[in-house]
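Chemist: Quick note, the sequences are listed as chains A and B, same order.
For the first sequence, my numbering begins at 1 and goes up steadily by one.
For the second sequence, my numbering begins at 163 and goes up steadily by one.
Calculated directly from the structure, the hints in this document are not laboratory data.
Warning: the hint list may mix true and false statements.
As the list claims (entries may be wrong) - List of simulated lysine-lysine pairs, DSBU-like, C-alpha gap at most 30 Å:
(1) A/Lys37 / B/Lys241
(2) B/Lys221 / B/Lys241
(3) B/Lys217 / B/Lys257
(4) A/Lys152 / B/Lys217
(5) A/Lys37 / A/Lys150
(6) B/Lys208 / A/Lys92
(7) A/Lys136 / B/Lys232
(8) B/Lys194 / B/Lys217
(9) B/Lys237 / A/Lys92
(10) B/Lys241 / A/Lys150
(11) B/Lys217 / A/Lys150
(12) A/Lys92 / A/Lys37
(13) B/Lys217 / B/Lys237
(14) A/Lys128 / B/Lys232
(15) A/Lys152 / B/Lys237
(16) A/Lys37 / B/Lys208
(17) B/Lys257 / A/Lys37
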Amino acid sequence: MIKGKKATDKLLSVYWFAVLFIVAAGIVYIALSFYGKPYDVRNVEADILTNKIADCLSTRGVLIDNWGDLNENNFLETCDLNFNVEDTNGWKNDQFFVRVEFLNITDNVLENAVSAGYFNLENFCEEKLVVCLERKMYSLDLEGNSYQVKIKSIVRKNEKNN
Amino acid sequence: MKKRGTILVENIIFIVLNLVFLSILFLFLFSKMNGTAILEEQYAKKIALAIDAAKPEMKLIFNMNDAVEKANDEKFDGKIVSIEGNVVTVRLHEKGGYSYSFFNDVDFDALYYYPDENGMFELEVRE
């Protein structure tokens with residue numbers, strides 16, 4: 001009777017360690033998959049970029065006076081933006097893209113469209129290979145005309161966030 | 163008497179093995195949670211995002227106590243935070259470091275390399 005009990009105890013111990021091992025393997029897998037991946041901050045980055053552009057283009061609901069002169073060459077400087085990135089993973093300052101459109105609401109005419117950064121990124125928005133954020137705001141120009149300003153911000157940086 | 167003693171020893175070995183097993187598991191988890199590489203990434207991204215959202219004349223203050231402790235543990239006495247161009251690098255040990263770029267085109271005051279004795283790291287944003 002005692003011998004039988006001892007054998008059962010040993011068998012139970014083996015099963016107990018098997019269960020422990022399976023649980024531990026599960027925890028290790030979850031920990032590695034959670035902590036092994038980088039923190040994805042691209043949504044926050046795109047959000048901040050969009051807000052910064054909105055703040056740059058409009059103050060208290062009125063567009064800046066030279067909004068009509070904005071173009072690819074002066075946009076980044078006007079809005080204090082710098083799209084250079086760290087030299088890693090083969091990146092060549094091609095991780096950001098921004099497009100801004102000024103639509104006259106009264107006449108429904110697109111009066112200016114500016115873009116900056118690596119334009120190819122726009123093609124990857126639908127496949128969700130990059131983080132794309134599109135926002136609209138309404139503003140007046142100095143003469144009181146109403147405009148819809150559409151801001152599209154794209155951040156790639158996949159290797160450091162995905 | 164002899165038999166009872168044997169059972170006790172077996173039980174103790176069983177409990178000790180369980181404890182060893184669980185201790186190793188928890189040590190692994192804590193090492194993953196507070197890893198140097200994770201802290202470097204966390205702070206590099208936090209600082210870069212804070213700079214992105216900052217406006218000129220703002221003062222950014224980061225509590226980097228845990229990072230400073232980790233750098234001390236690693237016996238690293240170099241620059242913990244460095245900013246070159248528009249790239250923030252956080253380094254808590256000799257080999258390695260993590261860099262992340264920010265898009266806000268601003269400058270900073272000169273003293274931004276070392277957190278103070280309380281582990282607070284200050285950054286003053288200039289135009």
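Chemist: Decide, hint by hint, whether the structure agrees.
Modeler: Hints, verified against the model:
Between A/Lys37 and B/Lys241 the alpha-carbon distance is near 26 Å, which keeps this suggested pair within the 30 Å criterion. At roughly 20 Å between alpha-carbon atoms, B/Lys221 and B/Lys241 fall within 30 Å of each other, so this suggested pair holds. Between B/Lys217 and B/Lys257, the direct Cα distance comes to roughly 33 Å. Violation of the 30 Å bound is thereby established for this hinted pair. The hinted pair formed by A/Lys152 and B/Lys217 meets the criterion: a straight-line CA distance of about 21 Å does not exceed 30 Å.
Restraint check for A/Lys37 and A/Lys150: not satisfied, since their Cα atoms lie roughly 33 Å apart, outside the 30 Å limit. The hinted pair formed by B/Lys208 and A/Lys92 meets the criterion: a straight-line CA distance of about 23 Å does not exceed 30 Å. At roughly 44 Å between alpha-carbon atoms, A/Lys136 and B/Lys232 are farther apart than 30 Å, so this suggested pair is violated. Under the criterion of a C-alpha separation no larger than 30 Å, the hint pairing B/Lys194 with B/Lys217 is inconsistent with the structure, at around 35 Å.
A distance of roughly 34 Å separates the Cα atoms of B/Lys237 and A/Lys92; the hinted pair therefore is violated under the 30 Å criterion. Simply put, B/Lys241 and A/Lys150 have alpha-carbon atoms about 42 Å apart, too far for the 30 Å limit, and the pair is violated. Taken as a hint, the B/Lys217 and A/Lys150 pair is honoured in the structure, with Cα atoms around 23 Å apart against an allowance of 30 Å. Of the pairs offered as hints, the one joining A/Lys92 and A/Lys37 holds, with about 23 Å between alpha carbons and a cut-off of 30 Å not exceeded.
Restraint check for B/Lys217 and B/Lys237: the C-alpha separation of about 35 Å exceeds 30 Å, so the hint is violated. This hinted pair does not check out: A/Lys128 and B/Lys232 have alpha carbons roughly 37 Å apart, beyond 30 Å. For the suggested pair A/Lys152 and B/Lys237, the alpha carbons sit about 45 Å apart, so the restraint of at most 30 Å is broken. A threshold of 30 Å between alpha carbons decides the hint, and for A/Lys37 with B/Lys208 the separation of about 16 Å falls inside it, so the pair holds.
Taking the CA atoms of B/Lys257 and A/Lys37, the gap is about 20 Å. The hint holds against a cut of 30 Å.
Taken one by one, the earlier hints fail for this structure at numbers 3, 5, 7, 8, 9, 10, 13, 14, 15, listed in ascending order.
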